[in-house]
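S.K.: Protein chains in written order, with the numbering used here: chain Z, 1 to 888; chain E, 1001 to 1888.
Don't read these hints as lab results, they were simulated from the structure.
Any given hint might turn out to be false.
Covered stretches of chain E, going by a simulated chain Z footprint (3 or more residues, C-beta under 8 Å) [said to hold, decoys possible]:
| no. | stretch |
| --- | --- |
| 1 | 1637 to 1648 |
| 2 | 1662 to 1671 |
| 3 | 1714 to 1724 |
| 4 | 1762 to 1773 |
| 5 | 1777 to 1788 |
| 6 | 1807 to 1819 |
All values derive from a computational prediction rather than experimental measurement.
Idealized CB from N, CA, C, for every residue including glycine.
2 protein chains.
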Amino acid sequence: MTRWVYLFDEVERPDRQLLGGKGANLAEMTRAGFPVPPGFTLTTAACHAFQEAGERIPDVIDDQVMTALARLEERTGKVFGGMDQPLLVSVRSGAPISMPGMMDTILNLGLNAQTVVALAERTGNPRFAYDCYRRFIQMFGDVVLGIPHHEFEHELEAVKTAAGRDSDQAMTADDWQVVVERYLRLVERRLGQPFPQDPRTQLRLAIAAVFRSWNNQRAVVYRKVHKIPDSLGTAVNVQAMVFGNMGDDSGTGVAFTRNPSTGERGVFGEYLTNAQGEDVVAGIRTPKPIAALATDMPAIYMQFMELCDRLERHYRDVQDIEFTVEQGRLFLLQTRSAKRTAAAAVKIAVDLVEEGLIDRETALLRVEPEQLHQLLHPRIREDAGLEVLAKGLPASPGAASGQVVFDADSAAEWARQGRRVLLVRTETTPEDIHGILAAEGILTSRGGMTSHAAVVARGMGKPCVCGCDALVINPQARTCRIGGREVREGDWLSIDGATGRVLWGEVAREQAGFSPEFETLLRWADEVRQLGVRANADNPEDAARARAFGAQGVGLCRTEHMFMAADRVPIVQSMILAQTEAERQEALAQLLPLQEGDFYGILKAMNGLPVTIRLLDPPLHEFLPNLESLVARQAALATRLEYEPGNQALQAEQRQVSELLAKVRSLHELNPMLGHRGCRLALTFPEIYEMQVRAIYQAAARLLREGLQPRPEVMIPLVGHIAELRRMRALVERVAQSVLDEQGVQLPVVVGTMIEVPRAALTAAEIAEEAEFFSFGTNDLTQTTFGFSRDDAEGKFLHTYLEQKVLPDNPFAVLDEAGVGRLITLATEAGRRVRPELKLGICGEHGGDPASIDFCQRAGLTYVSCSPFRVPVARLAAAQAALRHGRA
Amino acid sequence: MTRWVYLFDEVERPDRQLLGGKGANLAEMTRAGFPVPPGFTLTTAACHAFQEAGERIPDVIDDQVMTALARLEERTGKVFGGMDQPLLVSVRSGAPISMPGMMDTILNLGLNAQTVVALAERTGNPRFAYDCYRRFIQMFGDVVLGIPHHEFEHELEAVKTAAGRDSDQAMTADDWQVVVERYLRLVERRLGQPFPQDPRTQLRLAIAAVFRSWNNQRAVVYRKVHKIPDSLGTAVNVQAMVFGNMGDDSGTGVAFTRNPSTGERGVFGEYLTNAQGEDVVAGIRTPKPIAALATDMPAIYMQFMELCDRLERHYRDVQDIEFTVEQGRLFLLQTRSAKRTAAAAVKIAVDLVEEGLIDRETALLRVEPEQLHQLLHPRIREDAGLEVLAKGLPASPGAASGQVVFDADSAAEWARQGRRVLLVRTETTPEDIHGILAAEGILTSRGGMTSHAAVVARGMGKPCVCGCDALVINPQARTCRIGGREVREGDWLSIDGATGRVLWGEVAREQAGFSPEFETLLRWADEVRQLGVRANADNPEDAARARAFGAQGVGLCRTEHMFMAADRVPIVQSMILAQTEAERQEALAQLLPLQEGDFYGILKAMNGLPVTIRLLDPPLHEFLPNLESLVARQAALATRLEYEPGNQALQAEQRQVSELLAKVRSLHELNPMLGHRGCRLALTFPEIYEMQVRAIYQAAARLLREGLQPRPEVMIPLVGHIAELRRMRALVERVAQSVLDEQGVQLPVVVGTMIEVPRAALTAAEIAEEAEFFSFGTNDLTQTTFGFSRDDAEGKFLHTYLEQKVLPDNPFAVLDEAGVGRLITLATEAGRRVRPELKLGICGEHGGDPASIDFCQRAGLTYVSCSPFRVPVARLAAAQAALRHGRA
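Isolated chain Z, as found in the complex (with noise of 0.2 Å):
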């Protein structure tokens, strides 16, 4: 038969998927000899069940609550619905995964008219006995009953207006005898019956809300930004009630067995004196730092201190207890596993490696790797003088200033031509993804902390500050007002998006300190993992915060940003546009020491480390003029010279507008990003690859010549079919060849190549033979692999698939396994056996994703690379990804 209900001492294994965290934590605490009080849970498997039977409790399953009743009546001594010493309960949700607050609970439960009176007279105060009805009628009413709080609160300042009561704590026995009478005749009132009386009743019906609650829209969404599978249910535990409001020797309390901000040593928390656990979350009286308890109850205090030693001991993990003491008896609730933040989860899991209670494999699988990106995200330096305009929510974290524009076609065009924009909006929608792609920061001021703003700030990594309720837009004047300050789109404005601060022009940042234990973390994850970690970097600087973060290199430098540089588009257009193959030459050749310079400084900063550079990528119209700027400029000109026909200097315009427009029609195409670019560009221009060769070898023979020791990979883009990546490879073995020779040095020459269209995956085998390495560029293959669009998904129709769960994930975001990672599998497999010391990257968004660096590790990858900031996410991810499914 199967077993739906567990007595908490009963349980032989605290299986956290059936008994619920909360579940099997109590049955744990009670099994290791915890002062828990008694009680039972309904598993999750329960839970299925009632939904499955349309909402109500099988019964099957109350006959088996029924009797964990009768046993908990045994252990108690108590009786449920007794006259004597009357059982209560509490009735709480507890799911696999914590979802605080977000599910019901059931206070005080088996109070009535007659229990209400034994609890008076056993414990022989009124007023506890009432307050415990009052409160318990409040919350069934509200939790089960579906009767408003607010409905109980107005009878409540009724009777204390009629009474005189500034305070609940004023309220006497008779008081709350009143307040009883008015929530019972309320109750009749909005139900038509009366209030249940009948304990058992009242327990059947807590159990359904709970169950209930479960889809609840609270939990509901919860779930979904938590992503927390709809399918775990929720397990019901119900246990002896105890009473921290009984008296001045009773209290209740919640205290952390370490700081949960800092991670520091030494118990946290705070209580109250003669209150239920309730009180202390409502925040009527303010509750005393449990260090006060030394004083009001020392030896309560010092078993308190005790039993955290032991929790912590015994979970090998920092406690969020939650505890009661009834008349001088300390009971524990509740402990769980403390949540805590990026800091405290390093500094925690490097110290309980350093106390013994845990191994250093543990500690690593302890912190989540996405926080330590928390940890680096710089940090506006308070130094200089700051002028703080407002503050709205802090919604999601980091510094950033840009120009402000107020729309996302700007911050995407702005952007663009190189500017750093801030993207300042009253609220966001899905339409305005390429301009939060665009922007450094997001300003709104509407929307909270789960506005759509700031659910896409986060999910970006970008700083957002929402709901800045002193910020008002004038869109049409293109401006805004903040606090008392007038901005117009391209003054700079900074936010901090760790505090929600607004702040006037650009500010000072500063690389967030790494604590010790910081480093020791990532130290102990560079001896487990398997997985090389890169970083993806177009310039020194970034090649040397990479280096500091602890890349091994850099696994992508895109060469396009450098010929975006302001000062060098006009060269780059001008060999775009060149009539002759002479001037097309001259612009390379101005071009060459340009590109020379770059590939010096990133060599050098990588110094003794591979640096994997891309040639030349995107389509050259990219470079050149907006077709549809031109087109109206076109328009316009043209229109003009109807009513100035005579005007030479719009004719002169006209001509060079056409001829532009002509190139720039010429090479526009429908869909760029399957366009003519990449290689595809290189086999009908090879001039910019052999002046990138040439520019990567002169910079590496200077460097050589320096002593050092540069170690350039060149990279082939976008290669589909095995004869693009032989031609490729020729030309630059060729050009490198001969420059090393002009240059009298000596260096491997290495190419490899992107896998990014689904082709070049599935001819691995072939293209293998002509690579020394593979770079799977998860950015494009995804686009390939789904036909998606990523600019035209983001903005059109993924965040309705999101939505809708019809994907699971945002592929760009987190490695599609089934359908890109199978193509990944594939490719690995084949190249591996034709050339096994094949070099295996990963250079997409993906190389610093957690979960796709978990794939990456059973994929059986060589590396991955990331942004330099997401180096030490990798490293622990990478190393946690060896300690899950390590190859032998």
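Let chain Z serve as the given structure and place chain E on it in line with the hints.
M.R.: Leaving out everything else, chain E in the frame of chain Z:
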């Protein structure tokens, strides 16, 4: 020891790869007892050895040549360079695949100052001897020594003029002797040394020249055009000369054993008395029809007819024969399978079966499926009054009418608007591809049969007339002049690609009728093939035509063309631009009866056969005005308002354009190919698919009530993830069932999916759970697998890729087996594993390409679907594939 040289009568296995086509045939004829002058063959392996040795004949090969030469002297009883009976030889190329006229030939080799005298004496015909000698010096001088042909002609003309001869026939022995002397002086002058007199030296030089000619430019281009691998190499045949120019009892000719144009029975050919082979080709004298031989040389005629019959029976195919009569003795110099027209190929294949020469399977393999297409091109109806304006080269068959445009952009734009256009250009370049694609046909004033326009048009199967000198284009005025007519852009012209005619106006066309042999051959094909053949058809006419051509259903009925009909676009636009749900529903309600009518017609035309209907696929912006033109309009209006600020009409227009532009911009996509289309559209706007499904089943219900058997199958486009298909299938089933219930009829609801993005193929096992069929959309699948946007690739770089042989074929024409094919195979295997009865089809353009159909057979697909005109091609190709790789 490797054997590099074979005498014709020593060959045991006539291997074309080794001996070349001509060598193998000469050996085979010799063995079969046909009267072939003796000789020997240097193998294609010798050609490779020659090239590897740096274009010289290795000694070991030279030794074998000299040995063979000695045997040849024995066989003929003549001596090479001998004074008594001098042996003369021809030296000819002969590749494994016939390349007529592309490589070099030298006749009469072995003549020198001594042997010419001996020949004159032995034959008693000095004129003949010196004629042979001067021919030899001229050919050898041209081919081996590189002295241009015209320099010899110049000398010849000088002698003719001096001697007062008006034709070669009039030349005397003495005249020829003078020519010989002048030729020898010319050679010595140009070479700095005398003409080689040693016959063995002559032979060595000639052999080397033929081997070298494998790489002459003509041959390289020919191989490229005909896709013959460069690696084959050529053999060299050295054969004892026989002379058709020894008097009136001698002659030479060429003949086909049947008419190569019509396939009719009866020997067909022509000959010249007293001539050498080259005279027939040169066209200096007009040859007589072969029948005349019956009178001229009755015995020879009888013998020749008998030999023709024997040759056909021996080779079991129609032969193309070269013969020579030397003083009453008949020799065969060459035989090969005759090249023939499509009509002849079909008739001959069927006739040979009926004559018992070959079986049906051989007949099916004898006809190139692509040729059938030629037979189906609609022809101009000659009964209507046609105004022929001019005649150009018949570059690509078929008749086309269209409105004249003079540039590719206009062609593409007008076609997008649903107009039929004829692209008229001086000549075309790769930049015009999008225009060629969009046009009905192409007409150029310059360029020959191998010009860009001709090659591309033939590749696309578009009618084309090239090099029409009578056409003069004035691009500025957007007019042209042709045959006295002034033609403006937008006027209608027609071309007949089979005859080169250019006609005024739109002309009526008619379907070519099928010959009885055509029907017979396809009936045999149907008995053999395993692949089903369906057609792509979007309207009842195409469906009916496809059915007449033997289609077994519609494999792809696109619904977007229905939306693009001129009278519907406004409704579709109002649907897209709808501000409210009600407005959108109103537009959809207007479309519903129209769509129902569409489906009614197609399902009726395919009564009893399945019709796979693809729900709407393209992005919505395709139905809206072009963004660029709106931008131009807006810019013009804004400028106009600067000059006329108060103009209210302009202001109103500006508001309207701005509104439309905003909507178009909001739908605009950077990469529409990878954008918001297919089922992605339906997930965000389900109403459109709901309307379409309703229309399909309402139409089906009508037909059912009329007693017919509609068999609609609903196909979901662009599925990449099982969740997409699951939702779409639920939508289709829900709407279909509700219509069927409303209408009170029953019909199975069949739902399947396109497989057109790699992810769908990679996750086919999942997708097969929800799909009753897969249809591989290989156009899009090729785009996404390669990461090629077809429009951009064909306009920008694919041409270079094919020219430089980066890719062996255009992957949009011939299915890429290694990449796209691998995905199809993966999906087929995975899909069938999950759902053994899964129907698998292909509906890209590859569905009509024989090589791709061969792949489909090997991959185990259920059917191919192609354009109606290609159905017969596909039927034959499928039969051939089954014969080659048939499943048990």
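S.K.: A separate judgement is required for each hint: does it hold in the structure or not?
M.R.: Hint check:
1. 1637 to 1648: Check passed, 4 qualifying residues.
2. 1662 to 1671: Contact hint for the stretch 1662 to 1671 of chain E vs chain Z: holds, 4 residues under 8 Å.
3. 1714 to 1724: Since 5 is at least three, the answer is holds.
4. 1762 to 1773: Holds: 3 residues of the stretch 1762 to 1773 of chain E have a Cβ under 8 Å from chain Z.
5. 1777 to 1788: holds (count 7)
6. 1807 to 1819: holds (count 4)
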